[in-house]
Amino acid sequence: MIQLKDVSYVRLGSPELEQAESFATACLGLQIAERDNKSLYLRSDERAHTLCYSEGDPRDQTVGFEVEDKGSLEVAASTLEALGHAVHAGTAQEAEQRKVKAFIGFRDPTGNHIELVVRPERSGRRYFASRDAGITGFSHIGLNSTDPLRDEKFWTQVCNARVSDRIGDIPLMRVNAIHHTIALVRAPQAGIQHINHQVESNDDVLRSFYFLNEKRVPIVFGPGRHPTSGARFLYFKGPNGMIFEYSVGVDEIDDEATHRPRQFGFEPTSFCMWGSKPAGMVLPNK
Amino acid sequence: MSESTKNRTTPLIASVCYVRHVVSEPQACARFVSDIFGLQQVADQNGEFAFRSDERYRSVSLSRDQNDGASVGIEIWDGATLEEIGKRLREHSFIVRAANSDECRRRYVYSALLAEDASGNRIDLVTRPTRSGRRYFPPRDAGIVQFQGIGLRSTDHVRDLAFWRLLGAEVTDWVGDIAYLRTDNLHHRIALYPSRRNGLLYAAFEVEALDQIMQNSYFMQENQVKIVQGPGRQSASRQIFLHVEGPDGLILSYVNGMAEMSGSPRPARQFPLTATSLCNWGSESKDVPELSALG
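Residue numbers (our numbering), protein chains in the order written: chain A, 1 to 286; chain B, 1001 to 1295.
Excised from the complex, chain A in its bound form (with noise of 0.2 Å):
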């Protein structure tokens, strides 16, 4: 099985670098961490980077999972070309690229371009925001699925993701004590749905909501609390339509041993107890 231990960066295509750098910084509130002709490096947390940005098409999306050692990237990898899965090795300069020590790629059953990545690097310095948004680090990414049982059997038995809750058929899963890393969402085609980063407080939901107001950044959804994770929450669009997500107060699940799966009916109170509509972001269909 496949020891997931975090979501550790998403890597997005951009043709517009500088559209890209001005959201991040003067409204998402990212620090940047390296930039050069190509490419966005941008830090969350006490990790070296958590997004970039690099130069092309818009469609390209990776999300990179951390895994134990390079032991635990050659069984992953055996384990996915046995299930007939073509496995990129990553080249010593791709490594680097992405500041970890090795890496392998893949694409899940939708098509979702995946990376498997050993020690990836930290920073010394502290993160210092652009804006005060009150982020405290990448936390998870909504993960579009053509078929969200199957995605569910491939996240949960080739890999050790968990359910946490179910909204529907819809499954938010977890690799750690956090409610969830992999909300899997309905979708035609593969893509990164959303890019979650936690603040700090309720107060940081609200500022931003009306913050990214007068920037007119589209707020997509929210502000509102998820009842699955219990999470204070707003969506919005950035560059290319990608939608970022701030919340705050997600549960941990601290009885991994005896918690099973809630399951939530596929209605907007599911996904909003407060009461907001999602307006220009399609929820996850059942």
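Just so you know, the hints here were simulated from the structure itself, not pulled from any lab data. It is possible that part of the hints are untrue.
Stated by the list, open to error - List time: in silico DSS-like cross-link candidates among lysine-lysine, alpha-carbon distance up to 25 Å: (1) A:K277 to A:K215; (2) B:K1226 to A:K215; (3) A:K237 to A:K277; (4) B:K1226 to A:K277; (5) A:K70 to A:K101; (6) B:K1286 to A:K215.
Claimed, not checked - A short list of chain A residues far from chain B (calculated; beta carbon distances all over 10 Å): (7) E34; (8) D45; (9) K101; (10) A129.
Even glycine gets a Cβ: it sits at the ideal position worked out from N, Cα and C.
Chain B: place on chain A using the hints.
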């Protein structure tokens, strides 16, 4: 302040206990207060519409009575304190008179002095306001816990402040000349807003948590009720608020999380009259001048 009150171990003001409001359409307003805002409507008398929000027998009433319909009720510790306060207000030339039995009955109190601050706001100083043996049972799940306090418009904030100080209230913080007045362990129960006119600015009701502030916010949007300001958070008191407006300009507020004053005394802090002093999340009020930092 006289020696007798300096040495008191009990406060002069026990609570802010009711608001009585005059409206042109009490029935329409009553529907707003119960169906929309979520207070429990109770049997009325004298053509008044009355509402509960907690264990109190009444905390809001609506009437058409221009003469004796509008006032705020301040519960005074006991009868002796009430007498002392009455004497003091008269000494400082404030209008005070004893309520007759009919006026007390209408207010559901044992005894009362009907006073006016310098702006002409009617302040009922009352003893033994009636409580109910039945628990509060609201018409919808708005999460209201209790009546918390009021915002008052003031046309003469220096003299009005003197009025409240004679009642033992203390300023905890200033935003411009807006004064937050403390009467117990909470940051404030009464806020005085400099204004061109007098009257009640808002009546605030504590709800359980942020969840209820936000749920009520979406409920108001869905029901096309005007949100005057919020959801927001007062910078000085850290109180989360949502101000909504019903018929006749009646503003009712959901609040939660006000700071408690504990530990050693501190002087009142001065905040500038800016939008971020009134709300540190960034909400603004466009239409209510007292709530928008217009000065």
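Now the hints, each set against the structure:
no., hint, result
1, A:K277 to A:K215, "holds (21 Å)"
2, B:K1226 to A:K215, "holds (24 Å)"
3, A:K237 to A:K277, "holds (15 Å)"
4, B:K1226 to A:K277, "holds (19 Å)"
5, A:K70 to A:K101, "holds (9 Å)"
6, B:K1286 to A:K215, "holds (19 Å)"
7, E34, "holds (32 Å)"
8, D45, "holds (24 Å)"
9, K101, "holds (43 Å)"
10, A129, "holds (17 Å)"
Of the numbered hints given earlier, the model fails none.
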